[in-house]
Amino acid sequence: MRIDVIVRYLPLFKKAALLTLKLGIIGIIFAILIGLICALIQYYKVPIIRHLVAVYIELSRNTPLLIQLFFIYYGLPKIGISTNAEICGIAGLAFLGGSYMAEAFRSGLEAVPDIQVESAYSLGMSPMQTAFYIILPQAISTSMPPFMANVIFLLKETSVFSAISLMDLMFTAKDLIGLYYKTTESLFLLVVFYLIILLPVSLLGSYIERRLRYAGFGS
Amino acid sequence: MKDILLKVDNIIKRFDNNTVLNGISFDVHKGEVIVVVGPSGCGKSTLLRCINALEPIQGGSITLEGETINPADKNLTALRQKVGMVFQSYDLFPHLSVLRNITIAPEKVQKRNPKEVEKEALALLERVGLRDRANSFPRELSGGQKQRVAIVRALCMNPDLLLFDEVTAALDPEMVREVLDVMLNLAASGRTMIIVTHEMQFAKAIADRVIFLDAGQIVEEGDPISFFEHPQTDRAQKFLNTFEFESVKNHEK
Chain A
1 MRIDVIVRYL PLFKKAALLT LKLGIIGIIF AILIGLICAL IQYYKVPIIR HLVAVYIELS
61 RNTPLLIQLF FIYYGLPKIG ISTNAEICGI AGLAFLGGSY MAEAFRSGLE AVPDIQVESA
121 YSLGMSPMQT AFYIILPQAI STSMPPFMAN VIFLLKETSV FSAISLMDLM FTAKDLIGLY
181 YKTTESLFLL VVFYLIILLP VSLLGSYIER RLRYAGFGS
Chain B
1 MKDILLKVDN IIKRFDNNTV LNGISFDVHK GEVIVVVGPS GCGKSTLLRC INALEPIQGG
61 SITLEGETIN PADKNLTALR QKVGMVFQSY DLFPHLSVLR NITIAPEKVQ KRNPKEVEKE
121 ALALLERVGL RDRANSFPRE LSGGQKQRVA IVRALCMNPD LLLFDEVTAA LDPEMVREVL
181 DVMLNLAASG RTMIIVTHEM QFAKAIADRV IFLDAGQIVE EGDPISFFEH PQTDRAQKFL
241 NTFEFESVKN HEK
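Taken in sequence, the protein lines are chains A and B.
Residue 1 is where the first sequence starts when you use this note's numbering, and the numbers rise one by one after that.
Residue 1 is where the second sequence starts when you use this note's numbering, and the numbers rise one by one after that.
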């Protein structure tokens with residue numbers, strides 16, 4: 001392994017890491033929004049729409065991201081929707097992540113005991129106020145562990161983006177290996193950069209979980 | 001006779017084909033303390049839940065100061081503000097401090113001034129001996145303390161009627177007393193209450209009127225002295241006997 005090669009490649013990987021991070025963060029934000037909306041639709045058993053949500057969740061969770069990306073990237077232009085690779089990447093991640101987030105939030109919502117809801121009602125709270133002040137705060141803290149696991153999972157899934165020619169970390173590494181045969185240095189940098197992105201997230205996750213355990217509910 | 005606050009008129013409550021309340025009627029006057037007793041599964045808790053519109057009824061009517069309580073009503077939250085309820089299980093909101101548990105509904109539902117609500121909440125906590133726990137979280141309290149906070153939470157809405165659903169049933173014996181004392185104080189201050197309980201001594205001490213419920217019907221109703229000392233029906237007699245114990249010491253020899 002040659003240090004000078006690593007130093008020379010560093011700016012390329014930095015740029016790729018920023019793209020990975022940017023697409024990952026935007027995709028995950030959309031996934032959280034989709035997940036929260038889907039979870040609420042299922043929790044409140046909204047007629048008809050909740051069946052559509054169930055179909056979406058099964059479709060999203062039981063197909064690989066790579067194939068979802070191909071559908072979005074090659075399929076959408078066929079039906080006349082022009083788009084670019086970055087938007088496709090974000091859309092793919094949101095489509096996949098939405099269902100995982102929905103399941104995480106749903107388990108949190110279902111873990112809130114009925115008596116909490118009834119107590120809120122008996123204090124005169126409307127269903128809206130009950131959701132906002134009583135159900136959601138409790139549901140979100142119980143769904144924190146699966147939520148953090150999903151964030152890490154989705155960030156890792158961004159490595160598939162190289163398949164639709166997004167110049168992310170994976171793409172950059174493969175590109176450099178193909179061009180210069182510097183396999184060791186490229187793969188080393190690839191691993192290091194993924195760790196730089198994911199380790200802080202992972203540590204943040206365990207910190208939040210620990211905090212939540214201290215603030216643990218129960219009687 | 002004082003004004004009628006709550007009128008329960010011939011209500012029917014069914015879960016599928018199982019009739020839980022079968023034609024219950026009674027009036028509650030202002031300032032009156034009603035104790036509802038009866039064997040498990042007789043419909044006591046369901047009765048309270050119907051009065052607070054947590055359960056729809058299949059027949060009859062419940063009116064609070066002339067307004068019908070109907071779970072399908074849009075105006076439900078307004079009615080529920082007039083009826084406070086304390087449940088058997090500790091039902092404080094675990095993510096909120098003791099003080100916030102008490103102030104959130106008066107602030108958000110009744111839109112009262114937060115400063116004023118906080119002052120009232122602290123005064124009420126003082127009265128139940130928990131002023132120093134205002135900033136604790138529910139998990140840091142004992143069962144009895146939690147139940148006292150739950151009572152304060154209901155009180156802070158200034159309800160016309162308070163419902164207590166076996167509030168001491170899940171408590172350790174020495175904690176039962178502190179909760180019952182709070183309720184005795186409330187009765188002494190003229191609160192209108194309906195209490196479901198298995199504490200017969202307490203029922204005798206606090207009740208203006210006892211209602212004995214069995215199999216979804218009112219079997220006997222009357223003042224506590226005549227009910228506990230001279231029950232009129234065999235069913236009530238049999239029920240009250242389950243609280244008496246014959247000594248078995250002489251068998252040991």
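Just so you know, the hints here were simulated from the structure itself, not pulled from any lab data.
Take these hints with a grain of salt, some might be off.
[Claimed, not checked] Stretches of chain A that chain B covers, calculated by requiring three or more beta carbons in the stretch to come under 8 Å of a beta carbon on chain B: (1) 134 to 141; (2) 203 to 209.
[What the hints assert, rightly or not] Sample of chain B residues at the chain A side, in silico, Cβ under 8 Å: (3) P56; (4) A72; (5) K74; (6) T77; (7) F87; (8) S89; (9) D91; (10) I104; (11) R112; (12) N113; (13) V117; (14) N158; (15) I225; (16) F228.
Glycine included, each C-beta is placed from N, C-alpha and C at the ideal position.
Hints, verified against the model:
Counting residues of the stretch 134 to 141 of chain A whose beta-carbon sits less than 8 Å from any beta-carbon of chain B gives 4, enough to reach three: the coverage restraint holds. Chain B is given as covering the stretch 203 to 209 of chain A, and this is violated because 0 residues of the stretch bring a CB closer than 8 Å to a CB of that chain, at least three being needed. Proximity of B/P56 to chain A is violated relative to the hint, the smallest CB-CB distance being about 13 Å (cut-off 8 Å). At about 13 Å, the closest approach between the beta carbon of B/A72 and any beta carbon in chain A exceeds 8 Å, and the interface hint on this residue is violated.
Interface restraint check for B/K74: the shortest CB-CB distance to chain A comes to about 10 Å, outside 8 Å, so the restraint is violated. Taking 8 Å as the C-beta contact cut-off toward chain A, the hint placing B/T77 at the interface holds, the least distance being around 5 Å. For B/F87, the interface hint holds, since its Cβ comes within 8 Å of a Cβ in chain A; the closest pair sits about 6 Å apart. A hinted interface residue such as B/S89 counts as satisfied when its beta carbon comes closer than 8 Å to some beta carbon of chain A; here the least separation is about 6 Å, so the hint holds.
Satisfaction of the interface hint for B/D91 is found here, the shortest Cβ-Cβ separation to chain A being roughly 4 Å, below the 8 Å cut-off. The beta carbon of B/I104 comes within 6 Å of a beta carbon in chain A, closer than 8 Å, and the hint placing it at the interface holds. Hint status for B/R112 relative to chain A: violated, with the closest Cβ pair at about 12 Å, above 8 Å. Hint status for B/N113 relative to chain A: violated, with the closest Cβ pair at about 17 Å, above 8 Å.
About 13 Å separates the beta-carbon of B/V117 from the nearest beta-carbon of chain A, more than 8 Å, and the hint is not met. The closest approach between the C-beta of B/N158 and any C-beta of chain A is roughly 11 Å, which is over the 8 Å cut-off, so the hint fails. Restraint check, B/I225 versus chain A: the minimum CB separation of about 32 Å is more than 8 Å; hint violated. Hint status for B/F228: violated, given a least beta-carbon distance of 30 Å to chain A, over 8 Å.
Checked against the numbered hints given earlier, this structure breaks hints 2, 3, 4, 5, 11, 12, 13, 14, 15, 16; the rest are met.
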